[in-house]
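Let the hints inform the model, and build the full structure from the sequences given.
There are 2 protein chains.
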Amino acid sequence: MQVIEGGVTAAKGFEAAAAAAGIKYQDRTDMALIYSTKPCKVAGTFTTNRVKAAPVKWDREIVEKQLKSQAVVVNSGIANACTGAEGMAYCAQTAEETAKVLGVEAESVLVASTGVIGMQLPMEKITKGISQLAKERKSDLTSGTQAAQAIMTTDTKKKEAAVTVEIGDTLVTIGGMAKGSGMIHPNMCTMLAFITTDARISKKALQAALSTDVEDTYNMISVDGDTSTNDTVLLLANGMAGNEKIRYGTREYEAFKEALHYVNESLAKEMAGDGEGATALFEAKIIGADTKAQAKTLAKSIVCSNLTKAAIAGHDANWGRILCAMGYSGAEFDPEKVDLYFESEAGRLQIIENGTALDYSEEKAAEILSQPKVTVIADIKEGDVEAAAWGCDLTHEYITINADYRS
Amino acid sequence: MQVIEGGVTAAKGFEAAAAAAGIKYQDRTDMALIYSTKPCKVAGTFTTNRVKAAPVKWDREIVEKQLKSQAVVVNSGIANACTGAEGMAYCAQTAEETAKVLGVEAESVLVASTGVIGMQLPMEKITKGISQLAKERKSDLTSGTQAAQAIMTTDTKKKEAAVTVEIGDTLVTIGGMAKGSGMIHPNMCTMLAFITTDARISKKALQAALSTDVEDTYNMISVDGDTSTNDTVLLLANGMAGNEKIRYGTREYEAFKEALHYVNESLAKEMAGDGEGATALFEAKIIGADTKAQAKTLAKSIVCSNLTKAAIAGHDANWGRILCAMGYSGAEFDPEKVDLYFESEAGRLQIIENGTALDYSEEKAAEILSQPKVTVIADIKEGDVEAAAWGCDLTHEYITINADYRS
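Here the protein sequences line up with chains A and B, keeping their order.
Under the numbering used here, think of the first position of the first sequence as 1379, with each following residue one higher.
Under the numbering used here, think of the first position of the second sequence as 1379, with each following residue one higher.
What the hints contain is simulated information worked out from the structure, not anything from laboratory work.
Incorrect hints may have been included.
Because identical chains cannot be distinguished in the list, a pair is counted as satisfied if it fits within a single copy or across any two copies.
Straight-line alpha carbon distances no greater than 25 Å define the calculated DSS-like cross-link-like pairs of lysine-lysine that follow [claimed, not checked]:
1. 1759 - 1402
2. 1759 - 1435
3. 1435 - 1446
4. 1647 - 1635
5. 1402 - 1670
6. 1430 - 1759
7. 1506 - 1715
8. 1715 - 1435
9. 1715 - 1430
10. 1670 - 1513
11. 1430 - 1663
12. 1742 - 1478
13. 1478 - 1443
Put into structure tokens, the structure is as follows:
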């Protein structure tokens, strides 16, 4: 596996474009298109929120019916959630307009939205945006990057990742883009991720690879504990690499999954580190666990703790909050066996041993915690299983962004 | 039932005192004592956090062994959590010193702590504080209020409540004090509540009344989602009212429970409204529910949502966040049947009907949301069960308090 430049246009046969449709923002692009010159198999995972946005319902049906897909159209101004039958009709209309200008079937167009809940889409602007996207789509890396920029809301950085991997003796490419910043969502809505690949792969293998990997990547990040109505991950495969078809459970499947994992984990960590108002990516690693489920529950609880996140913002080695968050996670462990370490590019420092504090240097701890990526490692000394979760610090800027998001 | 002035000294035979022991704060009282002239039956509920502070373990044993209790000694500087065997010994020593100066058994002294996790108690200061408390204890209402002030950490207001209720033809008093601001804790630790009553009541009835009522009061508040290592509610009954003994399941039990509920709910709401950095008490009411569990899950999810709390801070009628928080709560309901209202002393306004927005006045909504107590009411139209939860808004001040709490 090799990490390469690029995003959704890295794989063969994929094109992308961005447009400034003026849906919410007046000074930037706010619509994006991904297009494949050949129809794709598509796998998807969606929000578990009982309140689901119209595009989530639309895409889920396409994925479940195993329809082939050739395009994804996204807007980053309005979420099209809690918009009733009218919102559903606008979603269908968005797919129909896109299908018309691209000369494909409406049922092959996936739709995604992010932004304010409860407002209806301005269809005239959307329609104009779609025409422009269709006209300007290109297969170069720059077009992929422009699309990654157009789907941002309160993100401060565009998020792309791509790798190549040998399947048999054929080089397959997987690339993706995402916007943040949480399955546990940052803003109003939404976390969106779109992955493209030119791999030939069975529908079963494609969905299995995505569904299992989402559990270890996107589902292990948190910005604020609020699960969006629009969360969507789509994985499109057009088969244009020409490899022998990847089947579920084979060695080739494992290689594909490993490459996909790299792209997913990269995008997930970028989202966590770019959480609203964040100044640091905050990683929690549980080691010495007995089971994966236990390790994941403990790790997730740490990165979800408001108090821990506020302490990270203050570069304060307030380890009591971390042990406390592990304690209420619901997972079993013995607090009196826990060793805890802080780690970053400034070094590594043990803070507690067997549940009580060592005589560590607060100064050194503060230095470690002042870096842009901070890791806490908790060894619970029960076995050899590990898991990680990713979040960010909780800052004044988060409040500023969210106390008045709609205006 | 009648609401009266006072707190822990409102009931017959209870005395209180406060002392400035200099444990953490140098310019205020930080230790409190509650003393009953007669031994009390005692009921308690404690944190479910797997990491439990030393005083929680100490008190739980007294409650479980059904020992009689005559005193509660509290410090508000250091939590005595994650302090190992040394911390447990200091906790026992605190009880022994208190017992010695009061002339009672060590096993009749309940201990509570709140403050920083992981530090050991300065026993010399504690011992001096205990002597002072024992000397200065009095049964007047002012002494109760001074005790309520001494247990505060980041609380901005002392929290007291008291009622009288007729049991048979005897007047029984229940009074209490608490510090905030969450079962879901505000600071580092802790929520503490101490209730005293002169009722004669069986141990079974006393514990049952407390355990069931805690579910509807303290367990329905949230400040930041972090459950403390020290959460403790103690209910002491000395029987000095001389009423016929209250037994579990009788009409008198129900009357006692109703009066206890008033005290608990008052203290719980005061804690929520005085959450760290809070400018408003935020109440979520679910009406038209099918079951109590469903209503409680939905209400709690709303007051726990960071995004909703930030919107309340901004007086922003961002109802999409509320529906979103209901959606990920895990409780079943039909989003397309929900009616939503905002209510405060500035009026009441319907915002959505059957899951979609009405053409409401944003100006009026902002006015309603600018009050010190704000209620959101969601009618899910399935039945006639209701439940409420209480939280607060999420402000810049919360970050300021928690980004550097220890220093």
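Now for the hints, and whether the structure bears them out:
For the identical chains of this complex, residue 1759 and residue 1402 are neighbours neither inside a copy (51 Å) nor across copies (34 Å), given an alpha-carbon limit of 25 Å. For the identical chains of this complex, residue 1759 and residue 1435 are inter-copy neighbours only, at 24 Å across copies versus 44 Å inside a copy, given an alpha-carbon limit of 25 Å. Within a single copy, residue 1435 and residue 1446 get their C-alpha atoms as close as 17 Å, which meets the 25 Å cut-off; across copies the closest is 60 Å, which misses it. For a Cα distance limit of 25 Å, the shortest separation of residue 1647 from residue 1635 inside one copy, 18 Å, qualifies, whereas the shortest one across copies, 50 Å, does not.
Taking CA atoms no more than 25 Å apart as the test, residue 1402 paired with residue 1670 passes in neither setting, with 42 Å inside one copy and 41 Å between copies. In this assembly of identical chains, residue 1430 and residue 1759 lie within 25 Å of each other by CA distance solely across copies; the values are 19 Å between and 41 Å within a copy. Proximity of residue 1506 and residue 1715 under a CA criterion of 25 Å is satisfied in neither setting, with 62 Å inside one chain copy and 34 Å between copies. In this homomeric assembly, residue 1715 and residue 1435 come within 25 Å of each other (Cα to Cα) only across copies, at 18 Å, whereas the closest approach inside a single copy is 46 Å.
Taking the closest pair of Cα atoms, residue 1715 and residue 1430 come within 25 Å of each other only across two copies (14 Å); inside a single copy the shortest separation is 42 Å, beyond that limit. Neither within a single protomer nor between protomers do residue 1670 and residue 1513 lie at most 25 Å apart by alpha-carbon distance, with minima of 48 Å and 56 Å respectively. Taking CA atoms no more than 25 Å apart as the test, residue 1430 paired with residue 1663 passes between copies only; the shortest distance there is 23 Å, against 32 Å inside one copy. Neither within a single protomer nor between protomers do residue 1742 and residue 1478 lie at most 25 Å apart by alpha-carbon distance, with minima of 61 Å and 44 Å respectively.
Taking identical chains as interchangeable, the C-alpha atoms of residue 1478 and residue 1443 lie at most 25 Å apart only when both belong to the same chain, with a minimum of 21 Å there against 76 Å between chains.
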